[in-house]
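2 protein chains.
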Amino acid sequence: MLKIRRNERIAAMTRILCSHPNQSYTLQHFSDLFNSGKSTVCEDIAIIRDSLLAFKLGDLETTAGAGGGVRFVPLADMDRTRKYIRELCLTLSDSNRILPGGYLYMNDILHSPQQIHRIGEILAARFLDLKPDFILTVETKGTPVAIMTAFELGCPVVVASRNGLLTEGPLVSINYVSASSQRIQTMSLSKRSVREGSRALIIDDFMKGGGTVKGMIQLLKEFNVEIAGTGVVIATRQPREKMVSDYTALMVLEEVNEEENRVKLSPADWICSV
Amino acid sequence: MLKIRRNERIAAMTRILCSHPNQSYTLQHFSDLFNSGKSTVCEDIAIIRDSLLAFKLGDLETTAGAGGGVRFVPLADMDRTRKYIRELCLTLSDSNRILPGGYLYMNDILHSPQQIHRIGEILAARFLDLKPDFILTVETKGTPVAIMTAFELGCPVVVASRNGLLTEGPLVSINYVSASSQRIQTMSLSKRSVREGSRALIIDDFMKGGGTVKGMIQLLKEFNVEIAGTGVVIATRQPREKMVSDYTALMVLEEVNEEENRVKLSPADWICSV
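Those sequence lines, one after another, are chains A and B.
Okay, so the first sequence: first residue is 1 according to my numbering, each after it adds one.
Okay, so the second sequence: first residue is 1 according to my numbering, each after it adds one.
Hints in this document: simulated from the structure, not taken from any laboratory.
Just so you know, even glycine gets a beta-carbon here, dropped at the ideal spot from N, CA and C.
Watch out, some of these pointers could steer you wrong.
[Stated by the list, open to error] Okay, derived cross-link-like pairs now, SDA-like style, lysine to any residue, Cα gap no bigger than 25 Å in a straight line:
no.: 1; chain 1: A; residue 1: K56; chain 2: B; residue 2: I45
no.: 2; chain 1: B; residue 1: K83; chain 2: B; residue 2: I45
no.: 3; chain 1: B; residue 1: K83; chain 2: A; residue 2: D32
no.: 4; chain 1: B; residue 1: K191; chain 2: A; residue 2: Y103
no.: 5; chain 1: A; residue 1: K3; chain 2: B; residue 2: I45
no.: 6; chain 1: B; residue 1: K131; chain 2: B; residue 2: R49
[What the hints assert, rightly or not] Okay, the calculated bits of chain B under chain A, using three or more residues with CB under 8 Å as the criterion:
no.: 7; stretch: 45–53
no.: 8; stretch: 84–93
no.: 9; stretch: 110–123
no.: 10; stretch: 186–194
Sequences and hints are given; from them, build the entire structure.
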């Protein structure tokens, strides 16, 4: 068998680890793949780790012991995050995006895999330490962001439904009041999709009054699920008093003024201040 | 400035390229990042490429000239694909997944970022040569798979809506007949989300009669969009005559027999035969 050089091992290992964030691989896995000793694999890991840290591209975490292994942990460099979120605010603060009724067109961002991959990396880095068992979101616009955040965290996603689709089996449903529309709505979660006693991270695209997130919190209580945190891509400045107080937004929608054709978003405080 | 070793450059470059599939980076980008000459960067790229190809983990494509650069192209190794799809068929062929009405519970798969990342890699590799400008899907269950496939292809996603949401601006809507339910339904696409004359790849999670995909094809015609191809995760064996003939499925749902508590999926022919 041909000997595989260190350079080649490093390229292959980096590809495997970085394409599967927060998923653990045993040293044996790489040892078998490269037909090399575990000590060699450990040296490779150390080199990759140093390089990722030096260029602020993430980290490798190793765990010792029989079930030990290595996994890639995406870290969001704050300088790059700030620059990215500032640019995104500028992109979104475009009066051509104002839709009738004072809505903001942002599907091009929320459905761009490249943009939401980036957003997911930032949210994942922010919530990494909370170690959620799964991410909860509600259909439909929040799903892509939730998926990408969960991809980075290495955990599954559970999607609450707004109408109770047939193909999910028995459901638990709650009624909640949307703070913005003041209308009663229904939100359901498939019984088999959530494990009692686990920890959830709530992710959504947009928060105005906070009614939807409050609905998700209520729904999780029915499953005895602990809420590790809540992250949204955009929160509106008004109303200041939202139905939930503990959440992290990436951007703040300061105003959408349809009459004066003006829209303004700014980065959330925690992004500016770091 | 500290000299960066080849090992370290290779780790950092592999991370950057593999985390952004089909997105082009200039040689200058890496030359600046590492403070090294372009010829050195080219040598690094050659090493990474050889390693990715040797371990069937993907490819690097370089383009020459002023606007030249390098991008990571994910390739799905057919042996691993076949093994993965076989295992997925076994996982799904579990009678506990049968829901009232003969539906199949598969949200745990369709909302698992790790599973749909894998599925997206396979679909992307299958449709890579068609070079679509964007992926079209219809809300809601197909969205995650579409997002991950587009992430791998490096293209955006456009999501057709089933009810015409307010926040997308002016819409083009069509009525279509769902082959399975024989009911008339509406599907809409935001006018600003699609560029006339571009090429679309249609991605959805499930195909029974093909009515939904036919609806998407109809909708795209209104935008003068060429259809590059259609990919679905699961197609049912029956009816054999679907409303669209040209599509690629990963798995075939042979039967769901609620009375006899039996469900069977098998890999699509093209996966078995390669």
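Restraint status (C-alpha distance of K131/B to R49/B at most 25 Å): holds, 21 Å
According to a criterion of three or more residues whose C-beta lies within less than 8 Å of a C-beta of chain A, is the stretch 84–93 of chain B covered? Three-residue rule not met by the stretch 84–93 of chain B, so violated; n is 0.
Would you mind confirming whether the straight-line C-alpha gap from K3/A to I45/B stays at or under 25 Å? holds, 20 Å
Has the stretch 110–123 of chain B got at least three residues whose CB is nearer than 8 Å to a CB belonging to chain A? Per the Cβ count (6), the hint holds.
Are the Cα positions of K83/B and I45/B separated by 25 Å at most? violated, 30 Å
Given the hint that K191/B pairs with Y103/A, test it: the Cα-Cα distance must not exceed 25 Å. holds, 16 Å
Given as covered by chain A, does the stretch 45–53 of chain B meet the bar of three residues or more with CB within less than 8 Å? With 5 residues closer than 8 Å to chain A, the stretch 45–53 of chain B meets the three-residue bar; holds.
When you check the alpha-carbon spacing of K56/A and I45/B, does it fall within 25 Å? Within the cut-off at roughly 20 Å; holds.
Report holds or violated for chain A covering the stretch 186–194 of chain B, Cβ cut-off 8 Å, minimum 3 residues. Result for this restraint: holds, n = 3.
Keeping to a limit of 25 Å between CA atoms, is the pair of K83/B and D32/A held or broken? Holds, at about 18 Å.
Violated hints, listed in ascending order, are 2, 8; each of the other numbered hints is respected by the structure.
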